[in-house]
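*Asks:* Letter by letter, the chains look like this.
Number of protein chains: 2
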Amino acid sequence: MMSRILIWGYGRLGKALLAGFIKYKQNTGQWPLKASELLIVTRKSQINDEIIVEEQFKLLGLKFVYNDLSVEQNDVVFASVPDEQIFEVAKLCDIPNVTLIHCSGSTPLITMDFGNSGVFYPLQTFAEGPMVDWSSIPLFLEANHPKTEQLLLNLSQSLGVFSTQFLPSEARETLHLSAVFANNFTVVMAAAAQDFLISKGLKGEWIQPILKQTACNLPDVNPWSRLTGPAKRGDFATINKHLKQLENDPKLHAIYKSLSEYIQERFQV
Amino acid sequence: MMSRILIWGYGRLGKALLAGFIKYKQNTGQWPLKASELLIVTRKSQINDEIIVEEQFKLLGLKFVYNDLSVEQNDVVFASVPDEQIFEVAKLCDIPNVTLIHCSGSTPLITMDFGNSGVFYPLQTFAEGPMVDWSSIPLFLEANHPKTEQLLLNLSQSLGVFSTQFLPSEARETLHLSAVFANNFTVVMAAAAQDFLISKGLKGEWIQPILKQTACNLPDVNPWSRLTGPAKRGDFATINKHLKQLENDPKLHAIYKSLSEYIQERFQV
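Chains as they are written, first to last, in my numbering: chain P, 1 to 269; chain B, 1 to 269.
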């Protein structure tokens with residue numbers, strides 16, 4: 001039975017899915033799941049912002065659908081929309097033999113009355129910039145039915161992902177929170193370091209060599225082994241000097257204090 | 001006038017200086033500053049821990065001195081010791097024509113009565129592991145005299161450092177604090193991400209692909225442009241879910257809260 005694949009939402013994740021599926025079609029001559037069509041459901045304004053021309057997409061057999069979507073039997077719908085919009089899309093997809101897939105780390109598997117439901121959570125960051133490499137992305141999956149599980153595995157395989165793992169919603173929330181520390185908060189510490197330098201009239205670029213070296217150390221299997229610095233040494237004289245330097249910056253002061261205490265507790269200094 | 005170079009303290013920094021000076025000697029046939037000798041001043045126990053054999057060092061014309069040091073006129077002494085020991089070393093070096101150099105970001109230029117004083121601060125992390133590459137290290141220098149400034153520049157050049165910059169003590173303290181954010185605190189966030197996963201019975205390694213991608217983004221000239229996540233989006237529903245997950249972990253809860261607030265303030269969400 002021919003199904004259609006719909007990518008609902010054309011943000012960073014929607015684009016990454018699209019790029020992965022186009023690559024698959026270029027390699028194999030067909031869409032994943034042998035789908036008859038691939039549709040992108042979006043607001044008109046989102047496309048106008050893009051350099052990618054709709055005409056070029058037509059050559060690939062892609063269709064853009066603007067706001068006038070009707071979901072059909074056998075459709076596989078990726079709700080690659082902001083988390084708070086997932087339920088709206090899900091409602092429109094609660095039709096027998098339609099599969100709704102969301103990609104959110106912090107949203108549970110959606111309970112459907114008639115349709116199928118799956119989760120396709122890529123534990124990776126999709127910042128603007130170079131095209132995403134699916135082979136570096138571990139996927140965490142969940143489904144309401146063995147048939148949907150198989151469908152998710154087929155889609156994962158088409159993208160050539162790094163790994164797949166079935167995981168219940170609660171564990172996925174743990175992963176998602178962990179990713180905030182691993183990605184968002186590491187980047188913020190680099191940004192804060194630069195901002196602090198610049199606020200004191202020094203050059204932000206002076207911090208780049210140490211950031212480069214730190215980047216090499218970051219994915220260590222044991223990041224703690226890479227840690228140096230006053231908190232690890234239990235060098236309270238330096239810690240207190242630093243806190244004094246941050247007296248007029250309560251936010252950075254609070255961050256410095258809570259992180260140093262976390263380190264001290266770990267090393268029991 | 002022939003001087004001696006003394007590396008006082010054989011920790012990570014002492015070893016890195018030694019490796020840089022040995023490389024220079026291998027390339028040029030002489031020690032930096034045309035020094036007559038290079039001595040390493042250390043406690044006996046520190047050397048016994050090392051694989052490097054004293055005999056091999058003798059072939060290079062290196063000497064180890066254990067506790068029985070007397071500083072001589074024209075000596076150039078690197079105090080590569082823990083910060084709190086720098087002043088002790090400095091006292092023993094306060095002799096006319098002796099130059100004391102410390103490498104600490106958070107210690108001011110030391111005032112000497114008779115000797116010369118300099119600072120040689122490498123803004124880099126010297127974790128255990130592969131040998132340090134001086135060409136990736138920006139050096140921040142300070143000296144009490146133009147002659148000492150020139151001596152510091154000559155030493156920097158011998159090591160082939162990434163860049164040199166004269167900077168007063170106060171600005172160096174700003175740099176040092178900034179480096180704690182750029183290096184220590186980024187590494188801690190990666191470590192916390194892993195620990196949190198493991199504490200919930202999940203696999204620490206699942207976070208490695210996103211850490212690898214994050215590492216690519218870290219040395220961006222504008223780290224803020226690489227930021228994604230709930231705090232940047234102003235997604236308070238997800239932030240509150242995460243804070244609830246951390247209810248039983250007050251330290252991580254405090255870190256999550258202070259970092260998210262810092263991001264929200266930056267993006268005015």
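If you're looking for bench data, these hints aren't it; they were derived computationally from the structure. One or more of the hints may lead you astray.
You can't tell identical chains apart in this list, so a pair holds if it fits in one copy or across any two.
[As the list claims (entries may be wrong)] Distance condition first, Cα-Cα at most 20 Å in a straight line; then the derived SDA-like pairs of lysine to any residue:
#1 K232 with G29
#2 K23 with K232
#3 K25 with K91
#4 K15 with S225
#5 K212 with W224
#6 K241 with E37
#7 K23 with K212
#8 K63 with W224
#9 K203 with A90
#10 K15 with K25
#11 K23 with E261
#12 K23 with A254
#13 K34 with L243
#14 K251 with Q73
#15 K244 with S169
#16 K203 with N222
#17 K203 with G29
#18 K203 with G234
Since the model is a prediction, treat every value here as computed from it, not as a measurement.
*Asks:* Give a verdict on every hint.
*Replies:* For each hint, the structure was consulted:
Taking identical chains as interchangeable, the C-alpha atoms of K232 and G29 are never at most 20 Å apart, the minima being 56 Å within one chain and 39 Å between chains. Taking the shortest alpha-carbon separations for K23 and K232, neither the intra-copy value of 47 Å nor the inter-copy value of 31 Å comes in at or below 20 Å. Taking the shortest Cα distances, K25 and K91 never come within 20 Å of each other, neither inside one copy (30 Å) nor across copies (74 Å). In the homo-oligomer, the alpha carbons of K15 and S225 lie at most 20 Å apart only across protomers (19 Å), although the nearest pairing inside one protomer, at 37 Å, exceeds that limit.
Taking CA atoms no more than 20 Å apart as the test, K212 paired with W224 passes in both settings, with 18 Å inside one copy and 16 Å between copies. When the C-alpha separation of K241 and E37 is checked against a cutoff of 20 Å, the pair qualifies neither within a copy, at 63 Å, nor between copies, at 37 Å. For the homomeric pair K23 and K212, neither the shortest alpha-carbon distance inside one copy (32 Å) nor that between copies (23 Å) is at most 20 Å. In this homomeric assembly, K63 and W224 never come within 20 Å of each other (Cα to Cα): the closest approach is 49 Å inside a single copy and 34 Å across copies.
For a Cα distance limit of 20 Å, the shortest separation of K203 from A90 qualifies neither inside one copy, at 49 Å, nor across copies, at 31 Å. When the C-alpha separation of K15 and K25 is checked against a cutoff of 20 Å, the pair qualifies only within one copy, where the shortest distance is 15 Å, while the shortest distance between copies is 55 Å. For the homomeric pair K23 and E261, neither the shortest alpha-carbon distance inside one copy (47 Å) nor that between copies (40 Å) is at most 20 Å. Within a single copy, K23 and A254 get their C-alpha atoms no closer than 46 Å, and across copies no closer than 43 Å, so neither meets the 20 Å cut-off.
When the C-alpha separation of K34 and L243 is checked against a cutoff of 20 Å, the pair qualifies neither within a copy, at 60 Å, nor between copies, at 42 Å. In this assembly of identical chains, K251 and Q73 lie within 20 Å of each other by CA distance neither inside one copy nor across copies; the values are 53 Å within and 49 Å between. Taking the shortest alpha-carbon separations for K244 and S169, only the inter-copy value of 15 Å comes in at or below 20 Å, while the best intra-copy value is 43 Å. For the identical chains of this complex, K203 and N222 are inter-copy neighbours only, at 13 Å across copies versus 32 Å inside a copy, given an alpha-carbon limit of 20 Å.
Within a single copy, K203 and G29 get their C-alpha atoms no closer than 52 Å, and across copies no closer than 37 Å, so neither meets the 20 Å cut-off. For the identical chains of this complex, K203 and G234 are neighbours neither inside a copy (29 Å) nor across copies (30 Å), given an alpha-carbon limit of 20 Å.
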